[in-house]
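K.L.:
With the hints as a guide, bring both chains together as one complex.
So the sequences go chain by chain: A and B. Under the numbering used here, the first residue of the first sequence is numbered 1, with each subsequent residue one higher. Under the numbering used here, the first residue of the second sequence is numbered 1, with each subsequent residue one higher.
Everything labelled a hint here was simulated from the structure, so no lab data went into it.
List time: in silico DSBU-like cross-link candidates among lysine-lysine, alpha-carbon distance up to 35 angstroms:
{"id": "1", "chain 1": "B", "residue 1": "Lys44", "chain 2": "A", "residue 2": "Lys252"}
{"id": "2", "chain 1": "A", "residue 1": "Lys261", "chain 2": "B", "residue 2": "Lys93"}
{"id": "3", "chain 1": "B", "residue 1": "Lys79", "chain 2": "A", "residue 2": "Lys75"}
{"id": "4", "chain 1": "B", "residue 1": "Lys52", "chain 2": "A", "residue 2": "Lys261"}
{"id": "5", "chain 1": "A", "residue 1": "Lys252", "chain 2": "B", "residue 2": "Lys89"}
{"id": "6", "chain 1": "B", "residue 1": "Lys79", "chain 2": "A", "residue 2": "Lys261"}
{"id": "7", "chain 1": "A", "residue 1": "Lys75", "chain 2": "B", "residue 2": "Lys98"}
{"id": "8", "chain 1": "A", "residue 1": "Lys75", "chain 2": "A", "residue 2": "Lys140"}
{"id": "9", "chain 1": "B", "residue 1": "Lys44", "chain 2": "A", "residue 2": "Lys75"}
{"id": "10", "chain 1": "B", "residue 1": "Lys52", "chain 2": "A", "residue 2": "Lys252"}
{"id": "11", "chain 1": "A", "residue 1": "Lys252", "chain 2": "B", "residue 2": "Lys98"}
Which chain B residues face chain A? A few, computed with CB under 10 angstroms, are given here:
{"id": "12", "residue": "Val31"}
{"id": "13", "residue": "Gly75"}
{"id": "14", "residue": "Ala87"}
{"id": "15", "residue": "Asp91"}
{"id": "16", "residue": "Asn100"}
{"id": "17", "residue": "Ile107"}
Where a beta carbon is used, it is the ideal one built from N, C-alpha and C, also for glycine.
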Amino acid sequence: MTARRASRLASLIVALGAAGCTTFYEIPLDTPTPAKLDVSAFQRVLIVGFVAGGTDEVDTNLETVRLLRSQLRTKSDLRVIEADAVPLAEVAASQRARSAEGQSEPAAGGQDGSTPKRIRDEKELEAYEPIFADVEYWKKLGEEYQNPLIVTGTIMFTPHSQSGFVQRDQEFYDSYGRRVVQPVRTYMERKGFILKPKFIFIDGRTGTTMYAETFREQVLYNPQQNTPALSSYFELMDRLIPSFLGTLSSQKIRGTRTLLK
Amino acid sequence: MRRATALILIVLFLAAPLAAAGSRSDARAQVEFGISVALQGLWKEAIYRWQKAVEIDPTYAAAYNNLAIAYEHEGMFDKAREAYEQASKLDPKNIYIKQNIEYFREINDRAKSEPPR
Chain A
1 MTARRASRLA SLIVALGAAG CTTFYEIPLD TPTPAKLDVS AFQRVLIVGF
51 VAGGTDEVDT NLETVRLLRS QLRTKSDLRV IEADAVPLAE VAASQRARSA
101 EGQSEPAAGG QDGSTPKRIR DEKELEAYEP IFADVEYWKK LGEEYQNPLI
151 VTGTIMFTPH SQSGFVQRDQ EFYDSYGRRV VQPVRTYMER KGFILKPKFI
201 FIDGRTGTTM YAETFREQVL YNPQQNTPAL SSYFELMDRL IPSFLGTLSS
251 QKIRGTRTLL K
Chain B
1 MRRATALILI VLFLAAPLAA AGSRSDARAQ VEFGISVALQ GLWKEAIYRW
51 QKAVEIDPTY AAAYNNLAIA YEHEGMFDKA REAYEQASKL DPKNIYIKQN
101 IEYFREINDR AKSEPPR
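Extracted from the complex, chain B is given alone in its bound form (with noise of 0.2 angstroms):
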């Protein structure tokens, strides 16, 4: 009994990264359609797949990041810092998400200095 249940547990741990890296794996597949519909400027499609791709896997950097990127260019700017916030909190030292973030916050900053007087 003892061993059936080390046993189920072993299969249970060895299991999980297995689980793991199919939702990532269903997230890339999300990921890389986005980017080619994006590419096309379909960037409404490429936000439904990016959403589709944080919902399957909320740890995907990239995927937030790419979400940041279609809701800034629907100009969205509330949702696209959110989630660059999130992009940059789950790969805190990727350069290219750093830069995309300095690039929004640039153009956030002179879009909101100055108000009417």
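This is chain A alone, in the form it adopts within the complex (with noise of 0.2 angstroms):
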């Protein structure tokens, strides 16, 4: 008994000696980022809507317009916008179409001048990126809404496969019952979604681009696994949304430091 009071009593001393010589202090940090782009001249903001293309699955125009108007209501100083999301490809493909009209050689881009009617890759997305150049345009849309900061660009969001070896921990009991897991190097085809927007940041004064980025974002899955489009499209949007935000406003980054005495 008094053996085994002496042992607790020792591991006691051990302990808070230990804690004793602690001298460091890892503590959670909110870093904040300034924004990218000075948004000060404008109070409000206008989401006009996106040249999407790729998959029927999802209406990406309208569901990117919606998401990034509702981070940006509760994520921004900006006053959002409600408006209609525009149907920016069959805006594009009528002016197009009106300035071919005009033109006795057929434009740039399109085989005939006129703009495809479905966009299934980037190459045929090319042919609407003029529109962004269009400063009379926004111009006009600028002035219908007061003067906005205007959020456009395009959207591809398209279904992707890739076969490969995929590396997985895979568990199993050994000789004396133990468990186990071990890294497993098996081959796999996987199915999945690219969603590459470019988001488009426009002054509504004076109809110019003031910023754009681009971003590509994968995601696969198992053979077996059944994901639906539209909540793929949600993850790869959610890995951007901060990147977004972070254009307009200062955002902050978790992470964390150590402190020391």
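P.N.:
Written out as structure tokens, the structure reads:
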């Protein structure tokens, strides 16, 4: 009994000694990062719409407009203008058709001067790019909404599959009945999506592009996993949203640091 | 006379580390108080304490490290970088300081990447 008590006392002393010797404190730290774009001249923001392409399963134009508006409403000082999302692809197509009518030669980009009806890949998406340089269009839109900051761009959301070796942890029990986890490499064909948005920030007063940024995210799932396209879209957008918000307002990045004695 | 001079020199020689130890102990008190207020979220007070600590003992790497973290928290990245550099110079083998600097650089680089066109 005395020996046990002595042993407990000794452990307590060791524990207290160790605590006393602690000379560092790991703390969570929210580091503020400044906004990439100075938007102090604007009080309102208009998420117009996006030229969207890729899969038909998700209306990426509408979903992106909704998502960015809801994020900006809570995480930005700018007032979000509520307006119907503009079907920008159709606007660009009609603009191109009009300009093609006035030209004797076919316009560059499209084979016959028109834009493809359904955008399947990035090459087809390129045909719509000139709309973002149409200063008059954006200026007119800006005037309509009292000169806000305009957010627009392109979104490609395409199905993607990739095969190759994948490392995963596999658990088994050894001859002594102990649980063992070992990394195992298996050949697998995985399916998922690639999301490639380009966010363009336009000055509603002048119609000129202030800033543009392109992102690329992809997700792959195991063959037995059946994830809906909309869930994948939100999963990928969740990864991009902090960077998007960081363009317009100061954000805090959470990390840890060690304080020393 | 010679003996007296030698005695004075010996006393001075022995007193120097004691004086240094005294200033380190004062600086340490400031550092500890700084940590306690930082843990309560009072970062401006912590900065004041850690600035005092490096004034008292300019060789105290931990004080510079903590000061750098506090500057980082306040978004004063240039000052944070200077303080981290000083901490690293004073204690180049300290893994905690090295790790803090790595994290700081990671965030700082991200903030500076891709400037607006």
